[in-house]
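Protein chains: 2
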Amino acid sequence: MWSSLALRHCPGFHGSRRFLATVISGTKTSRLVKDRLKVEVEKISSEFSGFRPSLVVLQVGQRDDSNLYISTKLKAAAEIGIEAKHLRLPQTATQEEVLECVMSVNNDESVHGLIVQLPLDSAHFIDAEVITNAVSPEKDVDGLSCVNAGRLSRGNMNNCFIPCTPNGCMELIKQTGVSVEGKHAVVIGRSKIVGAPMHDLLLWNHATVTCCHSKTPDLPEQVSRADILVVGAGRAEMVLGDWLKEGAIVIDCGINHVPDDTKVGGKRVVGDVHYSSANQRAGFITPVPGGVGPMTVSMLMENTVRSAQRFLLKTHSWTTDTVDRC
Amino acid sequence: MWSSLALRHCPGFHGSRRFLATVISGTKTSRLVKDRLKVEVEKISSEFSGFRPSLVVLQVGQRDDSNLYISTKLKAAAEIGIEAKHLRLPQTATQEEVLECVMSVNNDESVHGLIVQLPLDSAHFIDAEVITNAVSPEKDVDGLSCVNAGRLSRGNMNNCFIPCTPNGCMELIKQTGVSVEGKHAVVIGRSKIVGAPMHDLLLWNHATVTCCHSKTPDLPEQVSRADILVVGAGRAEMVLGDWLKEGAIVIDCGINHVPDDTKVGGKRVVGDVHYSSANQRAGFITPVPGGVGPMTVSMLMENTVRSAQRFLLKTHSWTTDTVDRC
Numbered sequence: 002m003w004s005s006l007a008l009r010h011c012p013g014f015h016g017s018r019r020f021l022a023t024v025i026s027g028t029k030t031s032r033l034v035k036d037r038l039k040v041e042v043e044k045i046s047s048e049f050s051g052f053r054p055s056l057v058v059l060q061v062g063q064r065d066d067s068n069l070y071i072s073t074k075l076k077a078a079a080e081i082g083i084e085a086k087h088l089r090l091p092q093t094a095t096q097e098e099v100l101e102c103v104m105s106v107n108n109d110e111s112v113h114g115l116i117v118q119l120p121l122d123s124a125h126f127i128d129a130e131v132i133t134n135a136v137s138p139e140k141d142v143d144g145l146s147c148v149n150a151g152r153l154s155r156g157n158m159n160n161c162f163i164p165c166t167p168n169g170c171m172e173l174i175k176q177t178g179v180s181v182e183g184k185h186a187v188v189i190g191r192s193k194i195v196g197a198p199m200h201d202l203l204l205w206n207h208a209t210v211t212c213c214h215s216k217t218p219d220l221p222e223q224v225s226r227a228d229i230l231v232v233g234a235g236r237a238e239m240v241l242g243d244w245l246k247e248g249a250i251v252i253d254c255g256i257n258h259v260p261d262d263t264k265v266g267g268k269r270v271v272g273d274v275h276y277s278s279a280n281q282r283a284g285f286i287t288p289v290p291g292g293v294g295p296m297t298v299s300m301l302m303e304n305t306v307r308s309a310q311r312f313l314l315k316t317h318s319w320t321t322d323t324v325d326r327c
Numbered sequence: 002m003w004s005s006l007a008l009r010h011c012p013g014f015h016g017s018r019r020f021l022a023t024v025i026s027g028t029k030t031s032r033l034v035k036d037r038l039k040v041e042v043e044k045i046s047s048e049f050s051g052f053r054p055s056l057v058v059l060q061v062g063q064r065d066d067s068n069l070y071i072s073t074k075l076k077a078a079a080e081i082g083i084e085a086k087h088l089r090l091p092q093t094a095t096q097e098e099v100l101e102c103v104m105s106v107n108n109d110e111s112v113h114g115l116i117v118q119l120p121l122d123s124a125h126f127i128d129a130e131v132i133t134n135a136v137s138p139e140k141d142v143d144g145l146s147c148v149n150a151g152r153l154s155r156g157n158m159n160n161c162f163i164p165c166t167p168n169g170c171m172e173l174i175k176q177t178g179v180s181v182e183g184k185h186a187v188v189i190g191r192s193k194i195v196g197a198p199m200h201d202l203l204l205w206n207h208a209t210v211t212c213c214h215s216k217t218p219d220l221p222e223q224v225s226r227a228d229i230l231v232v233g234a235g236r237a238e239m240v241l242g243d244w245l246k247e248g249a250i251v252i253d254c255g256i257n258h259v260p261d262d263t264k265v266g267g268k269r270v271v272g273d274v275h276y277s278s279a280n281q282r283a284g285f286i287t288p289v290p291g292g293v294g295p296m297t298v299s300m301l302m303e304n305t306v307r308s309a310q311r312f313l314l315k316t317h318s319w320t321t322d323t324v325d326r327c
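Sequence order for the protein chains is Y and D. For the first sequence, our numbering puts the final residue at 327, and the numbers step up evenly by one. For the second sequence, our numbering puts the final residue at 327, and the numbers step up evenly by one.
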């Protein structure tokens, strides 16, 4: 727990006078991560005669939102020097055909990362769980397969891919300079892509972690004990400022569209945290947009570069201490 | 949270007068589980002309403690009607030889469960992680492989084997008649066989769960909030009675030997909870010995029977609602 002495040195808390929380910018941090990766990729490429990390994004169908997300990923890959390939299967694709495509990429030695864009937009029923688990654990840079989830949940951190959103949250927490070890972290939500792996990451970075969810009857009380709060609940502005512990680190994974007549399109994006009240009590807070969002794509790139480095470790006499960071 | 009204109806709390906690007997519950399984096995056996669930226990070396644990497992299997086979490899066995043996059992259709007795007692270095992960997830009745850990940690409860000790703890909690949903559970310890899967089980049974461990600076405070406390810390009598919330359910997974001159052998077994003070405040408590210990073997038998039932579901036109319980 932070002592009152420590709190006095925290941004946002200066004696009896209260300032607003320090904003943790995902836009800036994401830029830093991408710049670092670009340098790493250049280094690998010069050492291994033009070798480049390679990522495949597999899409079934033509959803507009998926098209947008994929183009963001391809753009980030191009910036960093990752070779990214967009594989498209038509809406008529069956589960069997999607599996065949996954297997073929699994067996392609020149590919280091494979992600399947969800949701699958097929006219047939496809079990997304079967597809994500068919991705080779060694190429599963989204970190969504059972094997990677099992490794992360049991603390085998050096041997797994961490899902991109929680990995991005950890990167943002690091930006505060506050050590996670020994802190009380509260996670709201237990989804496979945010809440559950976030719990694991905080736990194995030695926080005491409380997992809250839709069946938690006393959410404000639980939240009030959090030195670090990560919210992935999917409910617009549900966490109010007066629930927070003074000086807490607040990481908001929510992306919700709420009606707003003053905006073009009649809506605006808000997080799961009520920002204008939360930044009166938090020590650090992520904005929405510009917080966790931009980090997700950067951490996908990070996982792809780590995967390529592991490939080089296995196939060449190459060593690097950076590989251990994943 | 329990209201004071609910507490008044709790064993151990009667108005202003305080009685001792109700003891949750693992010995009795374990007996009930084994009796139930025996009936199930008889039913399967009569429906499928003598079919019996089959378990292989693989041992490397000759450790005395392993010999004792294995004989307890074989005895329980015999009582229930499970066909159990003890495979022994000598101390000279290499990792390669152990892996070959695991693969051979994986491929043997007549075997439904395979456990590797740990620790491996070999003259060579063997990576226990590699061995436990080589066990087919469909036969991994100890629930220790990455795949089963991943399924459990992400809430795929119908499709996984749950590690035996936490599964036994859940069975003991059920005996109290108190619903887990909406309660605040605190787990002390984050080991692969107790703490980490216990967190998952409580979470996916809809408790709000706090995970504490060696880096938790305020353990008494965390424990004081627990409606349900599960301790798997491996430290003799570390949890004191006055840390507890009045009426809490206390499940003690500890087995520690402490010096005691009054006993034959000069020592006695105690748990991780200081029993004589804890039973003054808890509503329910497990004793040590006779609490969690006997449950572990029973739940191994339960997993083996479930595995055999799944095998029948796949290979025969057999249905049972009991299979879904695993």
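There's no promise every hint is true.
Copies of the same chain look alike in the list, so a pair counts if it works inside one copy or between any two.
Claimed, not checked - Result set (DSS-like, lysine-lysine): computed pairs, CA atoms no more than 27 Å apart in a straight line:
{"id": "1", "residue 1": "Lys175", "residue 2": "Lys216"}
{"id": "2", "residue 1": "Lys35", "residue 2": "Lys264"}
{"id": "3", "residue 1": "Lys193", "residue 2": "Lys216"}
{"id": "4", "residue 1": "Lys216", "residue 2": "Lys44"}
{"id": "5", "residue 1": "Lys175", "residue 2": "Lys29"}
{"id": "6", "residue 1": "Lys44", "residue 2": "Lys29"}
{"id": "7", "residue 1": "Lys216", "residue 2": "Lys35"}
{"id": "8", "residue 1": "Lys44", "residue 2": "Lys268"}
{"id": "9", "residue 1": "Lys264", "residue 2": "Lys44"}
{"id": "10", "residue 1": "Lys216", "residue 2": "Lys29"}
{"id": "11", "residue 1": "Lys175", "residue 2": "Lys86"}
No wet-lab data here; the hints were simulated from the structure. This one's a predicted model, so the numbers in the text were calculated from it and none came from an experiment.
Against the structure, the hints come out as follows:
| no. | hint | verdict |
| --- | --- | --- |
| 1 | Lys175 - Lys216 | between (30 Å within a copy, 19 Å between copies) |
| 2 | Lys35 - Lys264 | neither (31 Å within a copy, 65 Å between copies) |
| 3 | Lys193 - Lys216 | both (17 Å within a copy, 26 Å between copies) |
| 4 | Lys216 - Lys44 | neither (49 Å within a copy, 38 Å between copies) |
| 5 | Lys175 - Lys29 | within (13 Å within a copy, 50 Å between copies) |
| 6 | Lys44 - Lys29 | within (23 Å within a copy, 64 Å between copies) |
| 7 | Lys216 - Lys35 | neither (38 Å within a copy, 33 Å between copies) |
| 8 | Lys44 - Lys268 | neither (44 Å within a copy, 61 Å between copies) |
| 9 | Lys264 - Lys44 | neither (45 Å within a copy, 67 Å between copies) |
| 10 | Lys216 - Lys29 | neither (36 Å within a copy, 32 Å between copies) |
| 11 | Lys175 - Lys86 | neither (31 Å within a copy, 51 Å between copies) |
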